[in-house]
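Asks: Given next are the chains, with one letter for each unit.
Number of protein chains: 2
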Amino acid sequence: MTDRPRTRLFIESDLASGMAVECSRDQAHYLGNVLRLGPGDPVALFNGRDGEWLAHIRETGKKSATLTVDSCLRDQAPEPDLWLVFAPVKKAPLDFLVQKATELGVSALMPAITRRTVVERVKRERMEANAIEAAEQCERLTVPHVEDARPLSRILDGWPTDRHILLCAEAGEAVPINEFLRGAEGRGEPWAILTGPEGGFDQTELDLLNKFPNVSAVGLGPRILRADTAALAALACWQAALGDWQNRPPGRN
Amino acid sequence: MTDRPRTRLFIESDLASGMAVECSRDQAHYLGNVLRLGPGDPVALFNGRDGEWLAHIRETGKKSATLTVDSCLRDQAPEPDLWLVFAPVKKAPLDFLVQKATELGVSALMPAITRRTVVERVKRERMEANAIEAAEQCERLTVPHVEDARPLSRILDGWPTDRHILLCAEAGEAVPINEFLRGAEGRGEPWAILTGPEGGFDQTELDLLNKFPNVSAVGLGPRILRADTAALAALACWQAALGDWQNRPPGRN
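One line per chain: the protein sequences are A and B, in this order. The first sequence begins at 71 in the working numbering and counts up by one. The second sequence begins at 71 in the working numbering and counts up by one.
These are calculated hints, taken from the structure and not from any lab test. Predicted model only: the values in this text are computed from it and were never measured. All clues stand as given, with none of them false.
Any copy, or any two copies together, can satisfy a pair, since identical chains are not distinguished.
Pairs of lysine-lysine, DSSO-like flavour, derived with a Cα cap of 30 Å:
(1) 132 - 193
(2) 160 - 193
(3) 193 - 133
Use the sequences and the hints to build the structure in full.
Replies: Rendered as structure tokens:
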């Protein structure tokens with residue numbers, strides 16, 4: 071097997087053997103000035119559709135770089151269909167949450183404005199940049215879809231009826247997450263994890279959620295977790311039980 | 071039931087009804103200048119031994135504050151005995167890891183210098199301050215024990231023979247964490263989670279670990295997780311399966 075290049079880039083364009091691929095200006099800067107790579111150096115490319123490809127740098131300029139696509143390293147493979155719907159948190163914890171959630175394999179990040187949400191300004195572009203960087207680093211073949219922040223009620227209005235919701239609830243009735251996930255093993259996808267703001271959901275929101283057929287309230291133990299901790303903990307438990315954690319990282323054995 | 075005060079402080083001194091408790095200078099500043107609390111205002115106190123107590127402020131000065139302990143809110147209760155032995159990460163991720171690991175209920179934080187560890191300077195005092203703040207916020211009754219960074223080999227030298235090690239391994243043979251934890255349900259405590267640096271453990275370290283009877287290598291899925299993500303994911307899975315996550319936060323029903 072070919073050695074994997076240390077550098078992995080997400081690009082928008084199609085990928086196939088022999089193709090020339092133009093990098094973005096930021097990627098050209100990263101390759102040429104940060105990593106100091108030049109013509110002939112190998113780079114792995116993925117676009118979320120065509121798998122992962124070995125490529126090499128054809129030329130680097132000050133603001134541009136061109137790569138030639140060589141051979142396929144990995145075929146595109148199905149990934150868990152898991153949305154994270156979360157009340158947004160402050161800037162640094164949000165960067166962290168997006169990075170970690172991407173590593174933990176979410177397929178979509180959907181910030182939800184709830185009644186008790188304090189942070190209302192969420193920069194989608196910044197979330198996308200963090201998601202791309204984390205996807206490159208963790209060797210995913212996709213980048214999670216990032217949505218603009220919307221009111222929770224609006225998100226629920228258009229909710230697909232077949233998508234289960236794992237509601238992380240620090241107050242009220244809830245089944246321990248492990249117990250719930252064991253019982254859910256036959257249910258199949260798709261799923262979403264829903265986490266609230268500091269202080270939790272308010273009663274009208276809980277009433278609205280309780281009307282949904284596919285909502286299950288789960289507990290994450292006796293300590294009060296921060297909003298971002300709760301999201302990461304639930305994602306890890308879900309992946310371990312219902313996701314793809316029976317698999318190993320590629321090429322590490 | 072008495073309303074819980076919003077403010078919780080960890081203090082060193084004993085706690086019993088009627089006692090006067092002197093705050094640290096930082097705590098006095100926090101109570102008086104940040105929260106702008108004054109005489110009569112309620113505060114919850116815990117010391118890791120005597121449970122949680124309702125107290126009220128007797129007086130606040132510029133650099134000092136005295137509290138009077140009133141009544142017991144919660145008895146001290148046993149908590150999971152789970153160490154986190156981890157190759158330290160950079161400053162901001164380390165702050166984050168200590169905070170999250172405290173919320174996720176670790177009993178001890180032990181930084182381990184491995185062959186591929188890049189960050190060698192770890193400030194124990196800073197870790198302790200972060201652990202205390204997180205414990206106050208998440209309503210724990212204890213603060214995790216924080217150790218100085220030591221070489222992994224030295225930590226393993228004095229390893230207690232009855233303590234199981236969950237080794238998070240991104241390369242080599244490993245059982246999916248969920249499958250392993252299901253099989254481990256009868257084993258009882260104590261446990262430790264061991265996570266490596268970026269790039270993983272080297273072969274001599276893995277050979278050393280493989281000689282231990284109680285080490286089990288587990289996998290956290292097909293994506294390459296950052297060191298801090300791996301630690302948090304393993305802690306969450308352990309707590310959900312073997313820890314105290316069948317319990318709910320106190321006073322939230």
